[in-house]
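Engineer: Each chain, written out:
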Amino acid sequence: MSCNCENQNPQSDTEEVLNRRGFMTKVTMGVGAFFAAALSIPLVAAMLDPIMRKKTQVWRSVGQLTDFKVGETKMVTFENASVYKWSGGIARSAAYVRREADGSFLALSVNCAHLGCPVRWVEKSEIFLCPCHGGVYHKDGSWAAGPPPRGMFDYKIRVQNNNVQIQTQNIPITNLTS
Amino acid sequence: MKKALIKIWHWVDDRGGFSELVKPLTTHLVPPGSTWNYVWGSATLSCLIIQVITGIALAFLYQPSADVAYESLQYIENQAFLGSFIRGLHNWGASGMVLLMGFHMIRVYLFAAYKYPREMSWITGVVLMALTIVMAFTGQLLRWDDNGVWSSVVAAEQMGRIPLIGDSIAHFLMGGETINGETLSRFFALHVFVVPAMLFSFVGYHLFLVFRNGISEPPKAGRILDPKTYRKWYEDMLQKKGVPFFPNAIWRDAVFSALVLVVLILIAWFVGAPELVGAPDLTNVNVDPKPDWYFTWIFAIFALVPRALGSYVIMLGPLLTITVLLSVPFLSKGGERSPLKRPWAIGAVAFLIITICGLWYIGNVEPWHPRFDAKPLSEYTTVPKADSTIQKGIQVFNTAGCLYCHAIDGHGGIRGPELTNVQNRLSREQIIIRIVNGAENMPSYGGSLTKEEMSDVVSFLMAQDKSGSKP
Chain A
1 MSCNCENQNP QSDTEEVLNR RGFMTKVTMG VGAFFAAALS IPLVAAMLDP IMRKKTQVWR
61 SVGQLTDFKV GETKMVTFEN ASVYKWSGGI ARSAAYVRRE ADGSFLALSV NCAHLGCPVR
121 WVEKSEIFLC PCHGGVYHKD GSWAAGPPPR GMFDYKIRVQ NNNVQIQTQN IPITNLTS
Chain B
1001 MKKALIKIWH WVDDRGGFSE LVKPLTTHLV PPGSTWNYVW GSATLSCLII QVITGIALAF
1061 LYQPSADVAY ESLQYIENQA FLGSFIRGLH NWGASGMVLL MGFHMIRVYL FAAYKYPREM
1121 SWITGVVLMA LTIVMAFTGQ LLRWDDNGVW SSVVAAEQMG RIPLIGDSIA HFLMGGETIN
1181 GETLSRFFAL HVFVVPAMLF SFVGYHLFLV FRNGISEPPK AGRILDPKTY RKWYEDMLQK
1241 KGVPFFPNAI WRDAVFSALV LVVLILIAWF VGAPELVGAP DLTNVNVDPK PDWYFTWIFA
1301 IFALVPRALG SYVIMLGPLL TITVLLSVPF LSKGGERSPL KRPWAIGAVA FLIITICGLW
1361 YIGNVEPWHP RFDAKPLSEY TTVPKADSTI QKGIQVFNTA GCLYCHAIDG HGGIRGPELT
1421 NVQNRLSREQ IIIRIVNGAE NMPSYGGSLT KEEMSDVVSF LMAQDKSGSK P
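Chains as they are written, first to last, in our numbering: chain A, 1 to 178; chain B, 1001 to 1471.
Incorrect hints may have been included.
[As the list claims (entries may be wrong)] Here are a few chain B residues that sit away from chain A, every Cβ distance over 10 Å (derived from the structure):
hint, residue
1, V1012
2, P1024
3, V1098
4, L1099
5, V1153
6, F1208
7, N1284
8, Y1312
9, K1333
10, C1402
11, H1411
[Unchecked claim] Label pairs and their calculated CB-CB ranges:
hint, chain 1, residue 1, chain 2, residue 2, range
12, B, P1024, A, D49, 38 to 48 Å
13, B, A1350, A, D67, 53 to 63 Å
14, B, T1355, A, D67, 43 to 53 Å
15, B, P1024, A, E15, 31 to 41 Å
[Unchecked claim] Cross-link-like lysine to aspartate or glutamate pairs, in silico, DMTMM-like; alpha carbons within 25 Å at most:
hint, chain 1, residue 1, chain 2, residue 2
16, A, K124, B, E1440
17, A, K54, B, D1067
18, A, K85, B, E1440
19, A, K55, B, E1418
20, A, K55, B, D1067
21, A, K124, B, E1429
22, A, K55, B, E1440
23, A, K124, B, E1418
Don't read these hints as lab results, they were simulated from the structure.
Idealized CB from N, CA, C, for every residue including glycine.
Input sequences plus hints: build the corresponding full structure.
Structural biologist: So, in structure tokens, the structure goes:
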């Protein structure tokens, strides 16, 4: 026979009921927390994946030795380390390469050390000018004027079999203390 | 027929509880006199609704992929039916939202509506402000022209100033260590899913608080807010003098929001969205990245702040702003609410508006910005009969970069001093010393100009019309 439960006195054993409720509360909270944690894993994983991935650095040829005259600063472009089919026009980075009188090479990132805008080389006056907030650098990349807290960042550069090669790297991020 | 429809409605309402749901909202009482000064918040919300609708429309047309986003925007702008208008409305809706949110905050601050018991309204409002700014910034990036791409670099660089975790946050934003195929997708996900979800939650809560604590009554000079008695006083006042929210108060919100919509539609139709500048290309350095108008004043701060402080301002500026705003309701709790009795509040608002407008103006003029596109001084007229030396000097002035920062006769940059008739201020030797050594904010040209070039350009500067009058 089915009981008419609504008419039953529920207060048969108050302490036991409360214990039961406390337990059910804990179970619900615990299950809820598990639910949230389980769901956050794929979200966090997707968000962090590109940063946690192993970094790659590769050497990219940017020209022949003879392409660079001594004392000349030249802009070169090269493909970034890891690109996708859908990277489009941003698959490549640029750098300023300078061949010094002693034969050594200097490769400077085009990104201003202030907030990352692309600096322009002004050939005649041998300075780099930033269009955003007016940063100015000397030909060796050292700070000359304006807000940048430091000089330009440089790339590793080498010559192999007459090929001038640049090592790809991150977009330089200026930190608080640099 | 009518009877049948009414019957159906009664059934739906009885089982569905629609009247129950809406009635408390429409019939709740609001203080009398909450008139046209109370429309800013609802107008901001209307802009958000415009953004949602136009945003969804754009999402149907836009390709959030790094290689084709720019082309899809060209398609939206030039081919899609009403595409240009939709883009325009989304753009100006954002402008309207930022602007009206500003007015709303100013109104709330001046009327001290953030005081007891509405502190949480202010706090959630500050969160909403931050979220709106993030939306405005990420939206600007989704344009994915060269301005958009460089803006994402700038965003990453700003994050880089945060101690210890700066690099990680910068890389998190870019989706890697460089701008790459993932960057746009991330900003798209943030702009379209993550931030809107947060925005809606906070808007919902913000609105709930308006109903729970009631609209703040218009302040009266001399009426002191006492947290101990306020709630009871407010309830009594509402019972005596309150008017129903619907329609006594909401009609103004509706009228003003409609006006906002009409204005935005007109601007979107006749002015349109910002021009798409060049295709995204990190190897093109001939660009002039600049933020949308509502950020121009921050852009100016970054250029003007002393160099030694720059990085600290970039990092602490946003943090301090948020902290100060969040602390407002805790710094002034009760007491006077009327702006007439709070001169410092009026002063603070006036100071802020003047500062922002001033910075905004400077940010538009960009005096620090080298003028790469300055018109060369080929037909220079204050040296009417220029001999060959002086002509060569003019050439040096044009090509050595002098022109980017120094103007003569209205041509050239304004970063450095104007050099029209500089010969009246400086002697030949002084000019040479200045060029060779450089000065504050001027690089030294001693190593880069030949002796002859130096002599020519100085001869040109010295030969300018002594009287300063133009023929």
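Engineer: Next, verify each hint and record whether it holds.
Structural biologist: Results for each hint:
no.: 1; hint: V1012; in the structure: holds, 29 Å
no.: 2; hint: P1024; in the structure: holds, 29 Å
no.: 3; hint: V1098; in the structure: holds, 21 Å
no.: 4; hint: L1099; in the structure: holds, 25 Å
no.: 5; hint: V1153; in the structure: violated, 4 Å
no.: 6; hint: F1208; in the structure: holds, 22 Å
no.: 7; hint: N1284; in the structure: violated, 8 Å
no.: 8; hint: Y1312; in the structure: violated, 7 Å
no.: 9; hint: K1333; in the structure: holds, 35 Å
no.: 10; hint: C1402; in the structure: violated, 8 Å
no.: 11; hint: H1411; in the structure: holds, 17 Å
no.: 12; hint: P1024(B) <-> D49(A): 38 to 48 Å; in the structure: holds, 46 Å
no.: 13; hint: A1350(B) <-> D67(A): 53 to 63 Å; in the structure: holds, 60 Å
no.: 14; hint: T1355(B) <-> D67(A): 43 to 53 Å; in the structure: holds, 51 Å
no.: 15; hint: P1024(B) <-> E15(A): 31 to 41 Å; in the structure: holds, 39 Å
no.: 16; hint: K124(A) <-> E1440(B); in the structure: holds, 20 Å
no.: 17; hint: K54(A) <-> D1067(B); in the structure: holds, 24 Å
no.: 18; hint: K85(A) <-> E1440(B); in the structure: violated, 47 Å
no.: 19; hint: K55(A) <-> E1418(B); in the structure: violated, 49 Å
no.: 20; hint: K55(A) <-> D1067(B); in the structure: holds, 23 Å
no.: 21; hint: K124(A) <-> E1429(B); in the structure: holds, 22 Å
no.: 22; hint: K55(A) <-> E1440(B); in the structure: violated, 41 Å
no.: 23; hint: K124(A) <-> E1418(B); in the structure: holds, 21 Å
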